[in-house]
Amino acid sequence: QEKKKTRKKKCCSSPVAITLFVCFIGMVFNTIQTRKALTDKGNNNRNIKSSSMTKKTTNKEESSLSSISSSNSSGKFEGVLKNSNSDKLWLCLLDHYSTVINNTKEEEATKVAAIEVGMHRILQCRQAAGRGLEAHCFEPSPVSYQRITQSRRRMKDMVAKERIHLYNLAASSTTNDTVEFNSAGGTGDSVGANDVWNMENYSNNSTAITKAKSASLVKVQTIQLDDIVSPLLKENKEIGIVKIDTQGYEPMVFEGLKKSIREASIQHIMFEYWPKGMDLLLNRHKDKDMRCLASVELLQMLYDAGYKLYALGVAVHPHFNLQGKRGNFNKVINTQRPLNNFMKNCQFYYHLEEGIYFSKQDDYKMGFWSDVLAVAPNQGKKTHHNCIETR
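Heads up, our numbering is the position in the sequence shown plus 3, with the first residue counted as 1.
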């Protein structure tokens, strides 16, 4: 505006008519340029606002899919354990802690706790208690829980019996909420109205949900495992082992265990690693761009907290017919399974089912799974017992 005024003053002060005409043209040109600048500024503001709105939407999507960056994860497995049977590994770790407990003086006795999430039966909880560990065991299914409590009442080892603490709760990301749980009393009981055998998520299918509710769908109260671990630590108890088998609900269970993992409060964490099951509960199993994200995020969280991860053997439902190719199957598992990249490792389980290594079986949809052992960073040389030896 100052330049405009100066130019106007200089031009209009000239007595020459031509100069006056040029001055007038200059003023018109300045006016047009000013209006254009204001218009451009308005458009820019609208573009900035539009860009900001788009960015907010993108951020919201990124927030709900925080694991999207996990596809470029830097995590890896330390190797495959020689002891690749999860039940035998559980017993090996219990025996390890039993030795620790028995080898300390009575006045300095180490109090060790074991936590089992997803019981189905009392066996493994009882195994922990019988070896001197305080056993905290969770079973969401009311049908299975009733059977388990009856088994506890029949126990003759009263000392071990007193060490067992049972919870009819679903370990989850929150405490004092509820989740719908398919409680038929079988090994396939899981959170939500899902058909695990056919791998169908019915969360948005009102007809299927109504049918499921009339059968075995019940509401179960939830709890964060952090709310169990913290009081035990305050009682100076070491959390030796946490075992988790929740038919694909593991991401939510680990969400409620973040604090304990971040602080490396648990020495050993065993969990079922079933990528397709995890994706089923999130309704991502049919989307190739979305599947594996939750699995990778779970592994990456442990890895970032300093835990060392060990893979166990790969399992498949007996309905999958290997057609006498068990030896070839084991060879593929031992030589083709990627261990240096979490995303490729997860995708490997899908490839197994899709016929990359074997003939695809259209009537089999459950996929493949494994177990994973996570060892706390503060274990140091204590991890070098015979339970944790790689091939």
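There's no promise every hint is true.
[To be verified] Below, simulated PhoX-like cross-link-like pairs (lysine-lysine); rule was C-alpha separation at most 25 Å, straight line:
| id | residue 1 | residue 2 |
| --- | --- | --- |
| 1 | 289 | 347 |
| 2 | 328 | 363 |
| 3 | 91 | 334 |
| 4 | 159 | 114 |
| 5 | 240 | 291 |
| 6 | 334 | 114 |
| 7 | 85 | 311 |
| 8 | 289 | 363 |
| 9 | 363 | 334 |
| 10 | 79 | 311 |
| 11 | 114 | 261 |
| 12 | 311 | 262 |
| 13 | 368 | 328 |
| 14 | 328 | 347 |
| 15 | 289 | 334 |
| 16 | 237 | 114 |
| 17 | 85 | 347 |
| 18 | 291 | 85 |
| 19 | 240 | 222 |
| 20 | 334 | 347 |
| 21 | 114 | 79 |
| 22 | 261 | 79 |
| 23 | 368 | 289 |
| 24 | 237 | 262 |
| 25 | 334 | 79 |
| 26 | 311 | 363 |
Source of the hints: derived by calculation from the structure; they are not laboratory data.
Right, here's what the structure says about each hint:
Taking the CA atoms of residue 289 and residue 347, the gap is about 17 Å. The hint holds against a cut of 25 Å. Taken as a hint, the residue 328 and residue 363 pair is honoured in the structure, with Cα atoms around 14 Å apart against an allowance of 25 Å. For the given pair, residue 91 sits about 22 Å from residue 334 by alpha-carbon distance, which is consistent with the 25 Å threshold. For the proposed pair residue 159 and residue 114, the alpha carbon gap of about 23 Å is at most 25 Å, so the pair holds.
Restraint check: the Cα-Cα separation between residue 240 and residue 291 comes to about 43 Å, which exceeds 25 Å; the hinted pair is violated. Pair hint residue 334 plus residue 114 does not hold up; C-alpha atoms about 42 Å apart against a cutoff of 25 Å. Annotation: proposed proximity of residue 85 to residue 311 holds, straight-line Cα distance about 16 Å (limit 25 Å). Annotation: proposed proximity of residue 289 to residue 363 holds, straight-line Cα distance about 16 Å (limit 25 Å).
Note on residue 363 and residue 334: the hinted pairing holds, with a Cα-Cα distance of about 18 Å set against a maximum of 25 Å. Straight-line distance between C-alpha atoms of residue 79 and residue 311 comes to about 9 Å, which keeps the hinted pair within the 25 Å bound. Proposed proximity of residue 114 and residue 261 is supported: the alpha carbons are some 23 Å apart, at most 25 Å. Of the pairs offered as hints, the one joining residue 311 and residue 262 holds, with about 17 Å between alpha carbons and a cut-off of 25 Å not exceeded.
Annotation: proposed proximity of residue 368 to residue 328 holds, straight-line Cα distance about 19 Å (limit 25 Å). Proposed proximity of residue 328 and residue 347 is supported: the alpha carbons are some 24 Å apart, at most 25 Å. Annotation: proposed proximity of residue 289 to residue 334 is violated, straight-line Cα distance about 28 Å (limit 25 Å). For a cut-off of 25 Å, the pair hint linking residue 237 to residue 114 stands: about 12 Å separates their Cα positions.
The suggested pairing of residue 85 with residue 347 holds, with an alpha-carbon distance near 22 Å, which does not exceed 25 Å. The hinted pair formed by residue 291 and residue 85 fails the criterion: a straight-line CA distance of about 32 Å is larger than 25 Å. Among the hinted pairs, residue 240 with residue 222 is inconsistent with the structure: their alpha-carbon atoms are about 32 Å apart, more than 25 Å. Pair hint residue 334 plus residue 347 holds up; C-alpha atoms about 18 Å apart against a cutoff of 25 Å.
Taken as a hint, the residue 114 and residue 79 pair is broken in the structure, with Cα atoms around 32 Å apart against an allowance of 25 Å. With a CA separation close to 20 Å, the supplied pair residue 261 and residue 79 stays within the 25 Å bound. The straight-line distance between the Cα atoms of residue 368 and residue 289 is roughly 11 Å, inside the 25 Å bound, and the hint therefore holds. A hinted pair counts as satisfied when its Cα atoms are at most 25 Å apart, and residue 237 with residue 262 qualifies at roughly 15 Å.
Restraint check: the Cα-Cα separation between residue 334 and residue 79 comes to about 21 Å, which is no more than 25 Å; the hinted pair holds. For the suggested pair residue 311 and residue 363, the alpha carbons sit about 34 Å apart, so the restraint of at most 25 Å is broken.
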